[in-house]
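Residue numbers (the numbering used here), protein chains in the order written: chain A, 59 to 157; chain B, 8 to 118; chain C, 967 to 1089.
One thing to keep in mind: the hints can contain errors.
Below 20 Å or equal to it, Euclidean Cα-Cα: the simulated EDC-like pairs (lysine to aspartate or glutamate) are [unchecked claim]: (1) C:Lys-981 <-> A:Glu-149; (2) B:Lys-103 <-> B:Glu-34; (3) B:Lys-77 <-> C:Asp-1003; (4) B:Lys-87 <-> B:Glu-54; (5) B:Lys-77 <-> C:Asp-1043; (6) C:Lys-1020 <-> C:Asp-1005; (7) A:Lys-114 <-> C:Asp-1081; (8) C:Lys-1046 <-> C:Asp-1062; (9) C:Lys-1078 <-> A:Glu-149; (10) B:Lys-82 <-> C:Asp-1043; (11) C:Lys-973 <-> A:Glu-69; (12) B:Lys-77 <-> C:Glu-1082; (13) C:Lys-1019 <-> C:Asp-1003; (14) B:Lys-113 <-> B:Glu-31; (15) B:Lys-87 <-> B:Asp-21; (16) C:Lys-981 <-> C:Asp-1043; (17) B:Lys-113 <-> B:Glu-19; (18) C:Lys-1025 <-> C:Asp-1062; (19) C:Lys-981 <-> A:Glu-69; (20) C:Lys-974 <-> C:Asp-1063; (21) C:Lys-1030 <-> B:Glu-54; (22) B:Lys-82 <-> B:Asp-61; (23) C:Lys-1030 <-> B:Asp-61; (24) C:Lys-1020 <-> B:Glu-65; (25) A:Lys-151 <-> C:Asp-1040; (26) B:Lys-82 <-> C:Asp-1040; (27) C:Lys-974 <-> A:Glu-149.
Some chain B residues flagged as far from chain C (calculated, every beta-carbon gap over 12 Å) [stated by the list, open to error]: (28) Asp-21; (29) Asp-86; (30) Pro-114.
None of these hints come from the bench; they were simulated from the model. Just so you know, even glycine gets a beta-carbon here, dropped at the ideal spot from N, CA and C.
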Amino acid sequence: MLHIVNKSPAERNALESCLRVVQEGGAILLIEDAVYAATRGNAAENHLRDALSRFKVYALTPDLEARGMGDRVMAGVTTVDYGGFVDLVAEHKNCQSWL
Amino acid sequence: MSSIEVNGKSYETDEEGYLVNLAEWNEDVGTYLAQTENVAMTDQHWEVINFLRDYYNEFQIAPAVRVLTKAIGKKLGPDKGTSQYLYDLFPYGPAKQACKIAGLPKPTGCV
Amino acid sequence: MSEGTVKKFMFVNRKAPYGTIYALESLEVVLITAAFDQDVSLVFMDDGIFQLKKGQQTKGIENKNFSPTYRALDGYDIEKLYVEAEALAARGLTEDDLLVDVTVMSRVELGKLMDEMDVVLSF
Chain A
59 MLHIVNKSPA ERNALESCLR VVQEGGAILL IEDAVYAATR GNAAENHLRD
109 ALSRFKVYAL TPDLEARGMG DRVMAGVTTV DYGGFVDLVA EHKNCQSWL
Chain B
8 MSSIEVNGKS YETDEEGYLV NLAEWNEDVG TYLAQTENVA MTDQHWEVIN
58 FLRDYYNEFQ IAPAVRVLTK AIGKKLGPDK GTSQYLYDLF PYGPAKQACK
108 IAGLPKPTGC V
Chain C
967 MSEGTVKKFM FVNRKAPYGT IYALESLEVV LITAAFDQDV SLVFMDDGIF
1017 QLKKGQQTKG IENKNFSPTY RALDGYDIEK LYVEAEALAA RGLTEDDLLV
1067 DVTVMSRVEL GKLMDEMDVV LSF
């Protein structure tokens, strides 16, 4: 299952709620303001690092670049473009958007 | 906004003729709305109208026709809980026509 | 559509009832989905749990109180209502505070259930 998060971890609990529920084999895609969670030095870094050991985590490159964060992505996070976003949705049986 | 006039009092309706403020409803308004739908009200009609108003008061929605049929069967007896019975009373659809006469909004999930 | 395939639909409700329109919108989509004879389940987690709190009185904010409508779901044959245990406890609530019968589930059980769905709709 693919979990899509689009809210900054500093503002909303969407990522936190997602991490509570995601199952083994699940994937997490960070888009829009949620890409801040995948950057070095952010307050949610440890939280996400923990998740990286168990799930595949992706972040959307155009959203990272738009925010000037393209060069700060944490190791272990896979960046994808819009085409990669579509592939992820197609690869998974279902998806949940953590609005 | 349109309006209807019953006993010298004006009532607001939407463009499809549904009463805007259901608290304004009374039996005379119901009878008037029935006339606009060419429905001649009988005790059986009123039984359904009163059921719908009770349902709305309890759940704050107008029921979908399938739900209405089942609930009527439970409350008023299985012979009345059929779509045949309800369509005989309200030929243009029990949910739509009866809801209008009962002063309720158009049902959600009405298909 | 009764002859078609039955799919498993899950509605995930995570927002409190009156601050945003999500809760009401979700409820309306649920009622419409019920007409199509699908396998529907509702999950309430995070602040979405507040949608089911007993005793809502909305007169003062001039909003429609749609909380009684959750009690109509049973009549629409929607009986699978799940609440996340941890989120319930985090809000100082228990099952007795809720206006409908629900199944309280741990987040792990909930995650497994979500994985099994054909379609997940997020609100």
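- Item | Contradicted hints - numbers only | Hints 1, 6, 11, 12, 13, 15, 16, 18, 20, 21, 25 and 30 contradicted; others consistent.
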